[in-house]
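Visitor: As you go down the protein sequences, you meet chains P and Y in turn. First residue of the first sequence? That's 1 in my numbering, and the numbers climb one at a time after it. First residue of the second sequence? That's 1001 in my numbering, and the numbers climb one at a time after it.
By construction, these hints were calculated from the structure, which means they are not laboratory data. Please note that a few of the clues may not be correct.
Stated by the list, open to error - Distance condition first, Cα-Cα at most 20 Å in a straight line; then the derived SDA-like pairs of lysine to any residue:
| no. | chain 1 | residue 1 | chain 2 | residue 2 |
| --- | --- | --- | --- | --- |
| 1 | P | 8 | P | 80 |
| 2 | P | 45 | P | 26 |
| 3 | P | 8 | Y | 1020 |
| 4 | P | 89 | P | 72 |
| 5 | P | 8 | Y | 1022 |
| 6 | P | 89 | Y | 1191 |
| 7 | P | 8 | Y | 1015 |
| 8 | P | 56 | P | 8 |
| 9 | P | 89 | Y | 1017 |
| 10 | P | 56 | Y | 1081 |
| 11 | P | 89 | P | 26 |
| 12 | P | 56 | P | 30 |
| 13 | P | 8 | Y | 1011 |
| 14 | P | 8 | Y | 1017 |
| 15 | P | 8 | Y | 1003 |
| 16 | P | 89 | Y | 1087 |
| 17 | Y | 1191 | P | 27 |
| 18 | P | 56 | Y | 1122 |
| 19 | P | 56 | Y | 1082 |
| 20 | P | 45 | P | 70 |
| 21 | P | 45 | P | 56 |
| 22 | P | 8 | Y | 1191 |
| 23 | P | 89 | Y | 1022 |
Keep in mind the model is a prediction, meaning the values are calculated, not measured.
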Amino acid sequence: MDELLLSKIRLGIIAELLTAQWIAFSELQRELGVSQGNLGAHLAKLVAGGYVDEEKSFVNRRPQTRYRLTPRGRTAFSDHVTQLQTLLKASS
Amino acid sequence: MDDLNPEQARDHLEMVERILAQSQQRLCAGGEFFVIWGLFSGGATIAAHLIGQGIAPFGLLWVVAAALVACIVFSVLRGRALRGTGGRESLVQREFFNVLWLTLGLAFVVNVAAYRVFSGIASAAIWSFAETIVLLYIAMHGNRRAAACGVLVLASLIVANVVPSQDAAYVLAAGMVAGYTGFGLTELLVKA
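Bound conformation, chain P alone (with noise of 0.2 Å):
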């Protein structure tokens, strides 16, 4: 299995990021009910892995950090979702 979607948060931010063109940090933080830290902290390593695109800009005068999922990524949630379909299967 993926090492990185193994972490609930971590394929939940993907799962979110999949039907999006990009979501914002705020409301990545809103939609999946986790701290600020928490957060980064997984997005970085999504970003570090390559599946997920930071990027940051100004929006109103205000920064904003906002992220979009990469081929990688999307292929890798895939995978992940089929392996743990046939981990399910597998155990019925």
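Dock chain Y against chain P, hints included.
Guide: Just chain Y, lined up with the frame of chain P:
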């Protein structure tokens, strides 16, 4: 496969399904765009009709052209102002704007480039047709107001076909304003 047990795998899969179900697939259409483009297309249709009937001077076309430029400038500036303020942009939202600009852009090009083919009332009907596509596209993503308004514009198109020819432009314009502007107003009211 040793990393998660089946119970954890089920838990993770359920979370993924829940997130995907929640993040699907509502379109958030900017109401103000529909308001101004509905008013413009309705007004332009009546102006063209009045000019064609010799009731209004030919110079009114310049007013229509100025209104068109104003609508384009507003749309671009408002679109830039709204960009990034929502916290997220869904893929379906991006797809919607592609459909919106492609449909209205094609209607505009057809109006300008094929003015002999689509002359008179046909050039206005092209706009009704384009607006119907846009509204029904939004309706397909679960917006009942868009469905009702799209049907309204489509109905105006059909009614315009059977009323006396001097009234057809008014019927089309009424459909554009009631359907397109009406949808924009309801979107703004819902979000207010």
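Visitor: Hint by hint, which ones does the structure fall short of?
Guide: Going through the list in order, the structure violates hints 4, 6, 8, 11, 16, 18, 22 and 23 and respects the others.
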